[in-house]
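Top line first, the protein sequences correspond to chains R, D and B.
Using my numbering, read the first sequence as starting at 1 and increasing by one per residue.
Using my numbering, read the second sequence as starting at 189 and increasing by one per residue.
Using my numbering, read the third sequence as starting at 511 and increasing by one per residue.
I should point out that these hints are in silico values taken from the structure, not numbers from a laboratory.
This structure is a prediction, so every number in the text was calculated from the model and none was measured.
Any given hint might turn out to be false.
What the hints assert, rightly or not - Rough simulated footprint, nothing fancy, chain D against chain B, three-plus residues with beta-carbon under 8 angstroms:
1) 563 to 576
2) 659 to 671
3) 735 to 746
4) 797 to 807
5) 840 to 849
Every residue gets a Cβ at the ideal spot worked out from N, C-alpha and C, and that includes glycine.
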Amino acid sequence: MDDSEYVSGLPGFLGVIDVAIARIEAVLLALGVLLMAANTVANVVGRIAGHTIYFSEELNQALIILITFAGISYAARHGRHIRMSAFFDAMPFRSRKLMMILIAAVTSATMFLLTWYSLAYLLEQAGRGRLLPALRIPQWWIIVWAPLGFFLTGIQYGLTTVKNMLDKDIWLSTSTLEGYDDSAEEEV
Amino acid sequence: ETWRYAFEEALDEVQGKFAQKFKAEVEANSDNEVQLFPFGTLGESVDIMEQAQSGILQFVDQSPGFTGALIPEAQVFFVPYLLPQDQDQLFSFFRNSKAVKELFPPLYAEQGLELLTMFPEGEVMMTTTEPVRAPADLNEVKFRVMTNPLIVESYQAFGATPTPLPWGQVYGALQTGMIQGQENPAFFIESTKMYEVTDYITRPGHNNFTTAVMANKDFYDALSDEDKQVVQNAIAVAFDYILEYQDGLTEESLAKIREAKPAMTITTLTEEERAPFRETAAAVEQKYLEIGGAQAQAILDQMKADLQAASESAQAEAAAAN
Amino acid sequence: MTLAIFGTMTVLLLLGFPMMIPLIAGSLIGFVALFGGFGQLDTMVQQILAGIRPASLIAVPMFIFAADIMTRGQSATRLIDLVMAFVGHFKGGLAIATAGACTMFGAVSGSTQATVVAVGGPLRPRMLKSGYNDSFVLALIVNASDIAFLIPPSIGMIIYGVVSGTSISELFIAGIGPGLLILLLFSIYSHVYARRNGVPVEPKSTWAERGTALRRALWPLGFPVIIIGGIYGGFFSPTEAAAACVLYALFLEMAVFREMSLKQLYATAKSTGLITAVVFILVGAGAAFSYVISFAQIPQQVLAGIGIDQMGQYGVLFTISIAFFVGCMFVDPIVVILILVPIFAPVVADIGLDPVLVGTIITLQVAIGSATPPFGCDIFTAIAVFKRPYSEVVRGTPPFILMLLSVAVALIFFPQIALFLRDMAFAK
Ligand code: NA
Ligand code: NA
Numbered sequence: 001m002d003d004s005e006y007v008s009g010l011p012g013f014l015g016v017i018d019v020a021i022a023r024i025e026a027v028l029l030a031l032g033v034l035l036m037a038a039n040t041v042a043n044v045v046g047r048i049a050g051h052t053i054y055f056s057e058e059l060n061q062a063l064i065i066l067i068t069f070a071g072i073s074y075a076a077r078h079g080r081h082i083r084m085s086a087f088f089d090a091m092p093f094r095s096r097k098l099m100m101i102l103i104a105a106v107t108s109a110t111m112f113l114l115t116w117y118s119l120a121y122l123l124e125q126a127g128r129g130r131l132l133p134a135l136r137i138p139q140w141w142i143i144v145w146a147p148l149g150f151f152l153t154g155i156q157y158g159l160t161t162v163k164n165m166l167d168k169d170i171w172l173s174t175s176t177l178e179g180y181d182d183s184a185e186e187e188v
Numbered sequence: 189e190t191w192r193y194a195f196e197e198a199l200d201e202v203q204g205k206f207a208q209k210f211k212a213e214v215e216a217n218s219d220n221e222v223q224l225f226p227f228g229t230l231g232e233s234v235d236i237m238e239q240a241q242s243g244i245l246q247f248v249d250q251s252p253g254f255t256g257a258l259i260p261e262a263q264v265f266f267v268p269y270l271l272p273q274d275q276d277q278l279f280s281f282f283r284n285s286k287a288v289k290e291l292f293p294p295l296y297a298e299q300g301l302e303l304l305t306m307f308p309e310g311e312v313m314m315t316t317t318e319p320v321r322a323p324a325d326l327n328e329v330k331f332r333v334m335t336n337p338l339i340v341e342s343y344q345a346f347g348a349t350p351t352p353l354p355w356g357q358v359y360g361a362l363q364t365g366m367i368q369g370q371e372n373p374a375f376f377i378e379s380t381k382m383y384e385v386t387d388y389i390t391r392p393g394h395n396n397f398t399t400a401v402m403a404n405k406d407f408y409d410a411l412s413d414e415d416k417q418v419v420q421n422a423i424a425v426a427f428d429y430i431l432e433y434q435d436g437l438t439e440e441s442l443a444k445i446r447e448a449k450p451a452m453t454i455t456t457l458t459e460e461e462r463a464p465f466r467e468t469a470a471a472v473e474q475k476y477l478e479i480g481g482a483q484a485q486a487i488l489d490q491m492k493a494d495l496q497a498a499s500e501s502a503q504a505e506a507a508a509a510n
Numbered sequence: 511m512t513l514a515i516f517g518t519m520t521v522l523l524l525l526g527f528p529m530m531i532p533l534i535a536g537s538l539i540g541f542v543a544l545f546g547g548f549g550q551l552d553t554m555v556q557q558i559l560a561g562i563r564p565a566s567l568i569a570v571p572m573f574i575f576a577a578d579i580m581t582r583g584q585s586a587t588r589l590i591d592l593v594m595a596f597v598g599h600f601k602g603g604l605a606i607a608t609a610g611a612c613t614m615f616g617a618v619s620g621s622t623q624a625t626v627v628a629v630g631g632p633l634r635p636r637m638l639k640s641g642y643n644d645s646f647v648l649a650l651i652v653n654a655s656d657i658a659f660l661i662p663p664s665i666g667m668i669i670y671g672v673v674s675g676t677s678i679s680e681l682f683i684a685g686i687g688p689g690l691l692i693l694l695l696f697s698i699y700s701h702v703y704a705r706r707n708g709v710p711v712e713p714k715s716t717w718a719e720r721g722t723a724l725r726r727a728l729w730p731l732g733f734p735v736i737i738i739g740g741i742y743g744g745f746f747s748p749t750e751a752a753a754a755c756v757l758y759a760l761f762l763e764m765a766v767f768r769e770m771s772l773k774q775l776y777a778t779a780k781s782t783g784l785i786t787a788v789v790f791i792l793v794g795a796g797a798a799f800s801y802v803i804s805f806a807q808i809p810q811q812v813l814a815g816i817g818i819d820q821m822g823q824y825g826v827l828f829t830i831s832i833a834f835f836v837g838c839m840f841v842d843p844i845v846v847i848l849i850l851v852p853i854f855a856p857v858v859a860d861i862g863l864d865p866v867l868v869g870t871i872i873t874l875q876v877a878i879g880s881a882t883p884p885f886g887c888d889i890f891t892a893i894a895v896f897k898r899p900y901s902e903v904v905r906g907t908p909p910f911i912l913m914l915l916s917v918a919v920a921l922i923f924f925p926q927i928a929l930f931l932r933d934m935a936f937a938k
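Isolated chain R (complex conformation) (with noise of 0.2 angstroms):
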């Protein structure tokens, strides 16, 4: 799915800012998979030259990290988080519905209490004023994105209950209707 097609199933200025964020999220993905690649390959040239990047693997560290909290928020939004849907398939339309409520809601709360915990720890870790041994900034700078993607995580499953709660289709996101899309060409 190209970004520039993707249309948030919300209505007017939330829409503008559901879109923007996706924006925000798809360009944090593909650059943080470019950088990921570049900064191994610059670490394998730079060994071969006898220079070794010593601070290629906290880079890396970090730029997992971004992916992760950045792609979180971004599978809850295209509804592609991995879960076990044989017995939900299985049962009737009103209890998918009701069942699909409950999931997104409790999911939301979820990530909301992590997004509490995640800043605690953020702060935690601010504190202690801990340093990263190679590159030598503080560990903190790397993991902000673990309260963000968690904080953005809540809100996609919470605008995703309430969008169930008003419309009459089950929606495993606020704009992916239920059921696998079988396309093997489809692009996320």
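Fit chains D and B with the ligands to the supplied structure of chain R, relying on the hints for placement.
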């Protein structure tokens, strides 16, 4: 009460031996139980340190090299040729050092930790795929080091290409030739099988791996005087035990390596051969003063004074014995 | 507490919650129960972050990226055409080639997840086109990838070697026998499956056609050269080989074949990031859950009750097998090895079992567990990469699990399967 104690090595390596002794002493002399968590079972070194700071763990063993990210002064233990190679002097230093007993504890306290003891784990040796007699032999050698600026600096000064690499990849990288060397104490070279993928062990005498045991400070402060005494006594007993345990451990480990791989060449560099390595120490010391935090100079000066005292007392003892 | 945790996790899983929720709930309950409230949940966050941090995991997004570029462009097709030119006329030939590719790739990458992506990504579409059923294809890819654990280099064996003090070189050699035996069984099954399900074969290629296929595949044959030559030649770590493949794939698809535009590159990178995130949040949540199990010393409690020291050789080996198999169904393999190996070490030494044999059995069980429902990390990877429902990914697994388990049992009664090569190499 149940006290939890995590460390960075396996149960039968030096830190694990210390922890087992501590556990046995505490349990024999009080109603407290000590649960031991070896390497990896609760996360890596940084993780267990944070857990000790949070109070989830009551005790933790972390080497100052890792603590350097938190307490930069602790990196002093990576200044090469600072610690003596003579075992008696070394032990005397750890028993009596004012730096360890008076200067470091407040720095640990700032991080919510009660420093209980520091002890040596063994002479650091290089294992390489080619012989090393002089810095020139390290030229172009990709040498795996811990991710610590001072070790990187040391090996750069030695002439090698210091290559930080996660521990899990070191064995494979030595096997394929991606790197050609790494350093560790003899017991660790033996237990982690590094000798299987290298052919030379070299003893430049540049360092002795040091580690530290600490408690969560709030936990420790809240202990009854009686329990504090139990902890202190157990630490003292375990400290004596671990020095005794180490007396000969290096030779035993090297013997095991020789038995498993007779072709292994083990070389102790002569004082003459060590000289060019030793000359690089000043540059690393300078780097330590740059990045070692506010107390770096004070710690280094005190360490040197302590080491002088340790050397004199060892000489006096030797004279008395004659 | 153990029962409450596993009960809640199973129920949430079956109800259709996103899979991170059962894992997070399991560790939540554990943390609250262990620390009497919500006071230490920041450590749970620490463990989630620690779970995704290991440098060796970076190979996974890098191989996803490289495989995605190859599949969207021409590299993958040309390589598979070459394989088909040689095996296309044989019943089950493509399936056997897939299993073989998984083994070879596993041998160099050392990562089962990377193998699922890198081999499965390009080969699955072709297998579907050739008439194989998707649940067979998915199960074959997931389970054949497990052979990566047994063929050196194996990170599981390195960890076992370090924890138990066993020679890693001997472990590496001992893994080859069972690894090849599994490959053989999978090949036979693939052949039988293709026969019984009437998977059509292609007409046998002429040598001229094979020559053409080879010529077309010359550029893409650089991939195995980079991976195998790069790693064994001492140029790369497996992670770096993955990144080098990304670079080479970009060179081929953008400069040589001119199949990929910058816009597509962006889309591919984004899709790689998404798949990575979906898998890694589960890896992180799984790490937090492992922490609870480890901290509460649950394995120690369970194993203390069963009197393992009175069991004799076979009893101990079976107990070890079951413990690692069950453990890896729920918890990260590395953590399972770190926790369980020291628990079993005394009894293994008492009975005088060969630690290399024990290590091989453990590695095999760890591999099986990683592909076994409910929480196998290879299953997550397959779901995320191939966008197939959980039930479809696991539906075809029983025959494979059965074959793997029979090798496991055979290994207990005929240790020579593993030790034969070791004894030859080390002349014992
Ligand atoms: Na492997
Ligand atoms: Na598993």
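Consistency of the hints with the structure:
With 3 residues bearing a CB less than 8 angstroms from a CB of chain D, the segment 563 to 576 of chain B meets the requirement of three and the coverage assertion stands. Coverage of the segment 659 to 671 of chain B by chain D holds. Counting CB-CB distances below 8 angstroms, 5 residues qualify, and the rule asks for three or more. Coverage of the segment 735 to 746 of chain B by chain D holds in this model, with 6 residues showing a Cβ closer than 8 angstroms to a Cβ of that chain against a need of three. Check result for the segment 797 to 807 of chain B against chain D: holds, 4 residues qualifying (beta carbon to beta carbon below 8 angstroms, three or more required).
Counting residues of the segment 840 to 849 of chain B whose beta-carbon sits less than 8 angstroms from any beta-carbon of chain D gives 4, enough to reach three: the coverage restraint holds.
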